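Visitor: For reference, the chains in residue letters:
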Amino acid sequence: MKKYLLDLKVKSVDRIHERYVLIKLTDDKPLPDMLPGQFVEVRVDGSPATFLRRPISINFVDRGQNELWLLVATIGEGTRNMAKLKDGDTLNCLLPLGNGFTPARQDEKVLLIGGGVGVAPLLYMGAQMLQMGNEPTFLLGARTAKDLLLLDIFNRYGRVFVTTEDGSEGEKGFVTNHSILQDGRFDRISTCGPTPMMKAVARFAREKGIVCEASLENLMACGLGACLCCVEKTTEGNLCVCKDGPVFDVKRLLWT
Amino acid sequence: MASLNVKIKDLALKNPVMTASGTFGYGLEFADLMPLDGIGGIIVKGTTLKPREGNDYPRMAETASGMLNCVGLQNKGVDYFCEHIYPQIKDIDTNMIVNVSGSSPEDYAECAARIDALDKIPAIELNISCPNVKDGGMAFGVTCAGASSVVKAVRKAYRKTLIVKLSPNVTDIAEIARAVEAEGADSVSLINTLMGMAIDIERRKPLLSINTGGLSGPAVKPVALRMVWQVAKAVKIPVIGLGGISSAKDAIEFLMAGATAVEIGTANFLDPTISIKVRDGINDWLDAHGCQSVQDIIGVIS
Chain A
1 MKKYLLDLKV KSVDRIHERY VLIKLTDDKP LPDMLPGQFV EVRVDGSPAT
51 FLRRPISINF VDRGQNELWL LVATIGEGTR NMAKLKDGDT LNCLLPLGNG
101 FTPARQDEKV LLIGGGVGVA PLLYMGAQML QMGNEPTFLL GARTAKDLLL
151 LDIFNRYGRV FVTTEDGSEG EKGFVTNHSI LQDGRFDRIS TCGPTPMMKA
201 VARFAREKGI VCEASLENLM ACGLGACLCC VEKTTEGNLC VCKDGPVFDV
251 KRLLWT
Chain B
257 MASLNVKIKD LALKNPVMTA SGTFGYGLEF ADLMPLDGIG GIIVKGTTLK
307 PREGNDYPRM AETASGMLNC VGLQNKGVDY FCEHIYPQIK DIDTNMIVNV
357 SGSSPEDYAE CAARIDALDK IPAIELNISC PNVKDGGMAF GVTCAGASSV
407 VKAVRKAYRK TLIVKLSPNV TDIAEIARAV EAEGADSVSL INTLMGMAID
457 IERRKPLLSI NTGGLSGPAV KPVALRMVWQ VAKAVKIPVI GLGGISSAKD
507 AIEFLMAGAT AVEIGTANFL DPTISIKVRD GINDWLDAHG CQSVQDIIGV
557 IS
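Residue numbers (this note's numbering), protein chains in the order written: chain A, 1 to 256; chain B, 257 to 558.
What the hints contain is simulated information worked out from the structure, not anything from laboratory work. Keep in mind that the hints are not guaranteed to be accurate.
[What the hints assert, rightly or not] Keeping only pairs whose Cα atoms sit at most 16 Å apart, straight-line, the calculated EDC-like set for lysine to aspartate or glutamate is: (1) Lys24(A) / Asp14(A); (2) Lys376(B) / Asp428(B); (3) Lys376(B) / Asp347(B); (4) Lys265(B) / Asp456(B); (5) Lys11(A) / Asp107(A); (6) Lys2(A) / Asp288(B); (7) Lys332(B) / Glu169(A); (8) Lys109(A) / Asp187(A); (9) Lys3(A) / Asp45(A); (10) Lys243(A) / Asp288(B); (11) Lys270(B) / Glu339(B); (12) Lys233(A) / Asp288(B); (13) Lys146(A) / Asp183(A); (14) Lys3(A) / Asp375(B); (15) Lys233(A) / Glu309(B); (16) Lys416(B) / Asp375(B); (17) Lys233(A) / Glu217(A); (18) Lys461(B) / Asp349(B).
[Said to hold, decoys possible] Per label pair, the in silico range of CB-to-CB distance: (19) Asn81(A) / Asp428(B): 35 to 43 Å; (20) Asn155(A) / Asp540(B): 50 to 58 Å; (21) Gly64(A) / Gly555(B): 44 to 52 Å; (22) Asp28(A) / Gly440(B): 55 to 63 Å; (23) Thr26(A) / Thr427(B): 38 to 46 Å; (24) Asn177(A) / Asp335(B): 23 to 31 Å; (25) Glu431(B) / Arg206(A): 53 to 61 Å; (26) Arg105(A) / Asp540(B): 35 to 43 Å; (27) Pro194(A) / Ser465(B): 34 to 42 Å.
Every value quoted in this text rests on a predicted model; they were computed, and no experiment measured them. We put the CB at the ideal spot given by N, CA and C, even for glycine.
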């Protein structure tokens, strides 16, 4: 898939949560083709402290509005600077990067499991599935009700189930405790979120014999498979999360 | 339009801008983003006789105006390179140079000999300066005797242009440069990364898996420039300068300090098209200053 280096225009920056912003970007030309699960390397400001690009997963692509959405956790100086962008600013983006999730077949029943900011790529994945006529099921986890991100938008694209650690919304506990996992029958799971969550999901999938893909977020520099910094140990040796991933069938990972 | 042609011994470069090993993959990774044949050369990822898995993750840490890495020469070995990579890169219309590393002089020589047989690889860059592997690499590059032993062995096995990449982690880099020149190196490139460290104070642990790593990026540029200047005065062979170059201005500083060509490394991660911009910026500067050729500014600082 052809990669581009583009100065995209900031259309809006919404502070949707104390720790997260939703940034909508656009361009004069139609945005390039992008797959669910791929990501963007964003040039923050090149200042001494935020020197390298920041890898941000593609949250949604709205073709009608020619918008690319990035859901950003404002955890460090670079992402906090992204949150300060104003409408009309430009953001230099290297995209689309990585492999993306394997597209679901029409007859596959798919569960998309996300936690925290890891819900981001699942929105685009679910929207693409619905467009193909295969309604996905989302299972989204967060600490408390207010940490559930973009819930109203997820509801547009599939059935949504929720867990919170404090029980303030949906079922209490972690995503892997949710009753849908026992009641529903799924052919494929795509997951993104904190590594302990994804490992628990992978264990569940292995026990049930369900195909499972996880999207990793190892620290990276180039985003192109050149520097070999973001490697993950796999059954085929060290692979680059940026180029060979970020999505891996969990059978290839050396997770226990 | 000024002439940008330079020569590294018998190796003709259409312009003095190359990309540094380990920062540009095999070039192919950047092919969508910039014309690979627009630069003077591409120095591909460090290659060893046997495959290497490299160090454990995490392998990088962002630091002020730079980054640390401890990749540790992950590569699939020279046989894989010859069989699978070479056919994909041999027709790229620029100098495709292979960076060669090893853990003994014999290793280096055998690896170099295999690459000598590849028609479209006109030069190698000998890495005697990797700070991230225990069994070799920098161990050779930090003493004159060690550096000489590797270059001597490789020179017997390799007939084409031999560039030796020097470590800055030494007391006197000019002395090492003279030692490799005496053993028949055609050129020296410098600097490799500076040994550094970063700590996560909350976890009370180093950020890198092997504790230390190599520092690169704009943070090292003044150190690199000083070393290039010192080495250029100490040897007769052409010097290739690298270390934090991020703009045409940076590159011109290295050329004025005595470098015949430059390599761009970490800056490729910020802007994958930077090498083309540096090339164009050098040309614009030469035009604006009435210089007919890049040769007019090489080594003007005495």
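Visitor: State for each hint whether it applies.
Guide: Now for the hints, and whether the structure bears them out:
At roughly 9 Å between alpha-carbon atoms, Lys24(A) and Asp14(A) fall within 16 Å of each other, so this suggested pair holds. This hinted pair does not check out: Lys376(B) and Asp428(B) have alpha carbons roughly 35 Å apart, beyond 16 Å. For the hint linking Lys376(B) to Asp347(B), the alpha-carbon distance of about 8 Å falls within 16 Å, and the restraint holds. With a C-alpha separation of about 46 Å, the suggested pairing of Lys265(B) with Asp456(B) is violated against the 16 Å cut-off.
Note on Lys11(A) and Asp107(A): the hinted pairing is violated, with a Cα-Cα distance of about 37 Å set against a maximum of 16 Å. Our distance criterion of 16 Å between C-alpha atoms is met by Lys2(A) and Asp288(B), whose separation comes to about 6 Å. Among the hinted pairs, Lys332(B) with Glu169(A) is inconsistent with the structure: their alpha-carbon atoms are about 50 Å apart, more than 16 Å. Distance check on the hinted pair: Lys109(A) and Asp187(A) sit about 5 Å apart at the alpha-carbon level, within 16 Å; holds.
Distance hint between Lys3(A) and Asp45(A) is unfulfilled; the C-alpha atoms sit about 21 Å from each other, more than 16 Å. In summary, the hint linking Lys243(A) to Asp288(B) is supported, as the alpha carbons are separated by about 14 Å, within the 16 Å threshold. The straight-line distance between the Cα atoms of Lys270(B) and Glu339(B) is roughly 28 Å, outside the 16 Å bound, and the hint therefore fails. With a C-alpha separation of about 28 Å, the suggested pair Lys233(A) and Asp288(B) falls outside the 16 Å cut-off, and the hint is violated.
For the given pair, Lys146(A) sits about 27 Å from Asp183(A) by alpha-carbon distance, which is inconsistent with the 16 Å threshold. For the given pair, Lys3(A) sits about 31 Å from Asp375(B) by alpha-carbon distance, which is inconsistent with the 16 Å threshold. For the proposed pair Lys233(A) and Glu309(B), the alpha carbon gap of about 10 Å is at most 16 Å, so the pair holds. The straight-line distance between the Cα atoms of Lys416(B) and Asp375(B) is roughly 10 Å, inside the 16 Å bound, and the hint therefore holds.
About 13 Å separates the Cα atoms of Lys233(A) and Glu217(A), which keeps this hinted pair within 16 Å; it holds. For the proposed pair Lys461(B) and Asp349(B), the alpha carbon gap of about 46 Å is over 16 Å, so the pair is violated. For Asn81(A) paired with Asp428(B), a C-beta distance near 42 Å keeps the hint of 35 to 43 Å intact. Taking 50 to 58 Å as the suggested C-beta distance range, the pair Asn155(A) and Asp540(B) conforms, at roughly 55 Å.
At about 59 Å, the CB distance of Gly64(A) to Gly555(B) disagrees with the hint of 44 to 52 Å. A hinted range of 55 to 63 Å holds for the C-beta pair Asp28(A) and Gly440(B), which are about 56 Å apart. At about 55 Å, the beta-carbon gap between Thr26(A) and Thr427(B) misses the expected band of 38 to 46 Å. The hint said 23 to 31 Å for the Cβ distance between Asn177(A) and Asp335(B), and at roughly 50 Å that hint is violated.
Here the CB-CB span from Glu431(B) to Arg206(A) is close to 58 Å, well matched to the stated 53 to 61 Å. In this structure, Arg105(A) and Asp540(B) break the distance hint of 35 to 43 Å, their C-beta atoms being roughly 54 Å apart. Distance hint check for Pro194(A) and Ser465(B): the Cβ-Cβ separation is about 21 Å, which falls outside the suggested range of 34 to 42 Å.
When held up to the earlier numbered hints, the structure conflicts with 2, 4, 5, 7, 9, 11, 12, 13, 14, 18, 21, 23, 24, 26, 27 and fits the remainder.
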